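Chemist: Those protein sequences? They're chains R and H, same order as listed. Following the working numbering from start to finish, the first sequence increments by one per residue and tops out at 234. Following the working numbering from start to finish, the second sequence increments by one per residue and tops out at 449.
Simulated from the structure, these hints should not be mistaken for lab results. Note that this is a predicted model, so its numbers are computed, not measured. Glycine included, C-beta positions come from ideal geometry on N, C-alpha and C. Some hints could be false.
Unchecked claim - Which bits of chain H does chain R cover? Going by a derived footprint, with three or more residues having C-beta under 8 Å, they are:
#, stretch
1, 102–111
2, 146–157
3, 280–289
4, 317–328
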Amino acid sequence: MTGETILVIEDEAPMRRFLCSALTSHGFRVAEAGTIALAERLATEARPAAVLLDLGMPDGDGLELLKRLREWSTAPVIVLSARDREDDKVIALDVGADDYLTKPFGTSELLARIRVALRHARGLKATDDPILAIGPIRIDQARHEVTVDNEAVHLTPIEFRLLALLGRHAGKVLTHRQLLHEVWGPRNTHQTHYLRVHMAALRRKLEADPARPRWLTTEAGVGYRLKDE
Amino acid sequence: MRTARTYVIAVVAVAAATLAGFAAGDHITIADQAMLFLPAILIAALGGRGPSLAASALSVAAFDFFFVPPRFTFAVSDARSLITFTVMFVVGAAIGTLVARLRAAEEASRDREQRTAALLAFTRDAAAATEVDGVVAAVVSHVRAVVRVAAHVVIPDEVPLHGAVDIRLAGEAAVTPEQHAFVEAVAHQAGVAIGRLQLAEAARDAALRAKAEELRNALLSSVSHDLRTPLAAITGMATSLRERATGETEALDTIVEEAQRLSRILTNLLSITKVESGAAPRCEWVPLEEIVGSALTRLERELVDRPLQVNVPSTALAHVDPILIEQLLLNVLDNAAKHTPAGTPIEVRVSREHDRAILEIADRGPGLPPGERGQVFDKFFRGSTTASGAGLGLAVCRGIAVAHHGAIDAMPRDGGGTRFVAWFPDEGPLPEVVDDVGDEPVAIASAS
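Please model the complete structure; the sequences and the hints are all you need to start from.
Modeler: Pasting the structure below:
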């Protein structure tokens, strides 16, 4: 099989076995590392297309490895973490992780995340299409126009910037900080309530039922995601 | 007693001088005779001013009666003797006064020394005390030593730094200004010592709490890791198998669901210890719609056959910790899904009063049995009609509401069913959000 290689960095053998079996059965090749040291070697030798990184590695800080990896690699990194570790996830995302998976998760979630991450990695090299289509939502970045089910939706400039940003990263989670930084500028990264209120307005305009959002989903304690499937 | 003795000494001294005069007989002149009385006055003067005056008067009388001619009468033949009498008396009185003054000065200095030493000893004892009781004991014993009365110490609830304690003396003891000053100094020193002890105690408590917190967190993160990792592997493996399975997957579905249930129980266990540790929630202004949306999405599977009525104005903000409130909502909804018949509707409603946000979840289930209304939020309470659950979910809800200085209550619903109502107070005024790039302000009206 000529599938892409995924580097799995996970210290627990049973968890590693699950990840490997799920990935290989879907055509990926897998490089396994149970320690940070081995992970660092495999990251250069195996040339992985994507990395799965457990943040709770016993022999070193997974975050440090992530930072070092980011110095030379653009391979998407998906962080594996527990539910009550939102802060760790946010830090990991802010220092360069592409997404996260909350344990426990199933094969379908795992593969969906990896697919999104790989598509974004490839998309970095592709030409920019000014039109983004996510489900019923169409975002024309050149003309600043948004339609839902072919009906025009009026957005304020801030709402448009937010939506376009989420649309360019469709399927990926963006942290509060990343969104605030991109839309409001580097000095406003703590005004989370600005973001929340504008997201509420966006949901009101784009979602059929804003209290049960289908596309603009909230990742509690982390950020937002514009789903793309 | 002491004063009486000094007068006796005065009388004896004068009598001795008189006897000495008789013994000397004609060998001495009358002027020498007068001189004999001076040592007597001097001796008497050691007893103070009163005895010295008494000795002077007695000496003049004895001299006149026994020695001045005509002897054995108080009559005086020679008027010059009157001068001798006057000089004798004045000299005696002067000596007495001087000696008495010297003695008083000496006594005062001795007292001062004693008080200083006592204060020093007290300060030393108070500084060495490791408990407030030790300081109090030192106050009582040192005040008794100096003032000679029992003392009673009143300690204010919180001694301000450099403040004094209140020392009350027993009875109506006559206290000299010096003793009063001493008691005040002791009160001040005791205040300083107790203030120091209280500070030290507070620091020790804080250190202990921090240590306990650290231990608890270490334990929890280890439990969390140790239990979650196998659960994650089980869930993962089961989903892997389910994917490849041909035909019946019910057993694998059950494994996945039960592993997820265990994981939720674990989350609740961690949440309850977190909110009970007194760690302040990380509150921010959040539209409750966002939290409701997130919770409903996560419970999609559990609520799949439920007609949901969601009445959440998207402008209703609450000052809450979004992660904790989502947990609260998940628990109440999960509870409703578990304990009400399949297909019965569930309603989620958010509203605002002038200074708080209100979250309401209502079902059309059998309702709470009478008498259980107040207990459902107790830890490990399992209702008589409860089918399963560790009895933690609603306890976590109460913990979360209380951590927000709010509350949660369960009550019967009109027309059957149960209403869970939680409210969270605002912190400061509602924020105003202005669109920075020149849009119209986004109004955050309170939905009423």
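Chemist: All hints are to be evaluated individually against the structure, with a verdict given for each.
Modeler: Structure-based check of each hint:
Coverage of the stretch 102–111 of chain H by chain R is violated [criterion: at least 3 residues with CB-CB distance below 8 Å; count 0]. Counting residues of the stretch 146–157 of chain H whose CB falls under 8 Å from any CB of chain R gives 0; the rule of at least 3 is not met. Counting residues of the stretch 280–289 of chain H whose CB lies closer than 8 Å to any CB of chain R gives 4, which reaches the minimum of 3, so the coverage claim holds. With 4 residues bearing a CB less than 8 Å from a CB of chain R, the stretch 317–328 of chain H meets the requirement of three and the coverage assertion stands.
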